[in-house]
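For the protein sequence lines, the chains are Y and U, in the order given. Sequential numbering of the first sequence, starting at 15, is according to my numbering. Sequential numbering of the second sequence, starting at 15, is according to my numbering.
There may be inaccurate statements among the hints.
Just so you know, same-sequence chains aren't split out, so a pair can sit in one copy or run between any two.
Cross-link-like lysine to aspartate or glutamate pairs, in silico, EDC-like; alpha carbons within 16 Å at most [as the list claims (entries may be wrong)]:
1) K120 - E46
2) K234 - E76
3) K120 - D47
4) K121 - E183
5) K121 - E214
6) K121 - D179
7) K29 - D205
8) K120 - D205
9) K121 - E54
10) K234 - D80
These aren't lab readings, by the way, just hints derived from the structure by calculation.
There are 2 protein chains.
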Amino acid sequence: MVMSRTHHISQQFDKELEDIRSKVMTMGGLVEDSLSQVLEALARTDMELAERIASSDYKVNEMEVDIDGECTAILLRRQPAAGDLRLVLAVSKIITDLERVGDEVKKVARIVARLATSGGQDSYYVGILAMGHHVRRMLRAALDAFARMDSHAALEVAQEDPEVDKELEAIMRQLITYMMEDPRSIRGVLDAVLAARAFERIGDHADNICESAIFLVEGKDVRHVALEDLRQQLARGRE
Amino acid sequence: MVMSRTHHISQQFDKELEDIRSKVMTMGGLVEDSLSQVLEALARTDMELAERIASSDYKVNEMEVDIDGECTAILLRRQPAAGDLRLVLAVSKIITDLERVGDEVKKVARIVARLATSGGQDSYYVGILAMGHHVRRMLRAALDAFARMDSHAALEVAQEDPEVDKELEAIMRQLITYMMEDPRSIRGVLDAVLAARAFERIGDHADNICESAIFLVEGKDVRHVALEDLRQQLARGRE
Numbered sequence: 015m016v017m018s019r020t021h022h023i024s025q026q027f028d029k030e031l032e033d034i035r036s037k038v039m040t041m042g043g044l045v046e047d048s049l050s051q052v053l054e055a056l057a058r059t060d061m062e063l064a065e066r067i068a069s070s071d072y073k074v075n076e077m078e079v080d081i082d083g084e085c086t087a088i089l090l091r092r093q094p095a096a097g098d099l100r101l102v103l104a105v106s107k108i109i110t111d112l113e114r115v116g117d118e119v120k121k122v123a124r125i126v127a128r129l130a131t132s133g134g135q136d137s138y139y140v141g142i143l144a145m146g147h148h149v150r151r152m153l154r155a156a157l158d159a160f161a162r163m164d165s166h167a168a169l170e171v172a173q174e175d176p177e178v179d180k181e182l183e184a185i186m187r188q189l190i191t192y193m194m195e196d197p198r199s200i201r202g203v204l205d206a207v208l209a210a211r212a213f214e215r216i217g218d219h220a221d222n223i224c225e226s227a228i229f230l231v232e233g234k235d236v237r238h239v240a241l242e243d244l245r246q247q248l249a250r251g252r253e
Numbered sequence: 015m016v017m018s019r020t021h022h023i024s025q026q027f028d029k030e031l032e033d034i035r036s037k038v039m040t041m042g043g044l045v046e047d048s049l050s051q052v053l054e055a056l057a058r059t060d061m062e063l064a065e066r067i068a069s070s071d072y073k074v075n076e077m078e079v080d081i082d083g084e085c086t087a088i089l090l091r092r093q094p095a096a097g098d099l100r101l102v103l104a105v106s107k108i109i110t111d112l113e114r115v116g117d118e119v120k121k122v123a124r125i126v127a128r129l130a131t132s133g134g135q136d137s138y139y140v141g142i143l144a145m146g147h148h149v150r151r152m153l154r155a156a157l158d159a160f161a162r163m164d165s166h167a168a169l170e171v172a173q174e175d176p177e178v179d180k181e182l183e184a185i186m187r188q189l190i191t192y193m194m195e196d197p198r199s200i201r202g203v204l205d206a207v208l209a210a211r212a213f214e215r216i217g218d219h220a221d222n223i224c225e226s227a228i229f230l231v232e233g234k235d236v237r238h239v240a241l242e243d244l245r246q247q248l249a250r251g252r253e
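Given the sequences, and given the hints that come with them, work out the whole structure.
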C-alpha cells in the first residue's frame, strides 16, 4: 500500500502505524468475507455454512483485542502528534464497528440455521438479500475509503444510508403483509424481520466507518452533522 | 468526587482529567434521565413526553462530540502515561456507548408516540417495562462502577446480561402468541418486539461500559472473556 504520509524520524514508528493500518484491513477483509458468506448461506439456506460462520466469530473478536492493544501501546510509547494520533483513534473506532458487524453477521447466521431446520419460506428473503448485498458493498467501499484516505469517497458511501432505511421500510411492509395473510408464518417472518434489522445495523456501522475515515483525513468530527452540511464543508475544503 | 488517584505535577492536567470524568457522568445522567422518562412515557402512553424525548437526543450527541474532542486534545497535549491513558480511552469508549443508548431511547420514544396515535394495546408492554427498568438499573450501576473505579461492581453488573437475554426470550414468546391469536394485532405487536430489542441493546451497552470500567481499573481488555474466567481473574488480582 503506497501512503502519501510524511515519514517519521523513527522508521520503527512508521512500521507500527503501517502495521495497525494493514491489520484493520485484514480484519475488515475477514468481516467482509463472513458477510458475503452469510448472504450465500441465506440464498441457499445452507445450514452447514451458517453454522461455520456463527462459530468463526471469535477470530474477529481476537483481532479487535489485538489491534486495540497495539493502539494503546502506540499511544503510550510514541505520543503521536495530530495526524498520527487521528490514525490511531480512527483505527480504534473502526475495529469496534467491525466487531459489531461481526456480531450482526453471527445473528443472521443463526437465523439461517433456524430457517434450514424449519424448512422456512425463503421467498421472504428476496428483498432482504438485496439489502444485504447493498450494505456489503457499502462496507467494502467504506473500508476502501479508509485505506485510500479518501474523504469524498467516504461521504458518498455515507449518502447511501438513507437508501438502506427506505429498503428496510419496504421490506417491513411486505413482511407485515405476509404475517397478516398467514398467522402460521409469524414465527418464521419474525426471523426475517430480525435479519433485515441486522443488515440495517451493518449499514449503520459502514456509515460510522466513513465518519472515522473523514475524521482521519479532515481532522473533523462529523458525527451528527447533516449530510448536506458535510458535503458543503468538504467542498469548501477542496477550493 | 474524591479520587484515590496520584496527583500530577501539573494541576491543570489533573483538572482536565477530572473534567472529562465528570462530563461523562453528566452525559450518563442525561441518558439515564431520558431512559427513565421513556419508561414513564411508555407506562402512561404519553405522546407529548415521548416526542419531547425524541427531540432532545441532540444534547447527548453534542456531549459525545465535545467530550471526544477533549479526549483527543488531552492525548495530544499531555501524552498521558498508563493509568491516565486508560482513563482517556475508557471515557472515549463509554461516551460511544452512551450515545448509542440515547439512540435506542429515541427509537422507543418513537414507538411510544405511534402507540399513542394508534391507541394500541399496552398490555403487550408489561414484561417490556420490567425489562426496561432492569436495564435502567444496570446502566446506573455500570456508571457508578466507573465513577467509583470499582471493577468488582462492574463485574456484577456484567453478570446480569444473561438474565436480560432470558427476559427477552420470554417476552418474544409471549408476543408471538399475541400475534398468532389476533393477526390484526401484528403491526402493534411488531413495535413491541422492536422496543424489547432496543432495551436488550441498552443492556449490552451497560455491559460494554462495565468492560471499559474493568479495563480502566485492572488494565485488562476483558471483552470476549467468559464471565467465569473474568471472575477468577479478578479474584486472583485480589489475593
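Check the structure against each numbered hint from earlier and tell me which ones fail, lowest number first. 7
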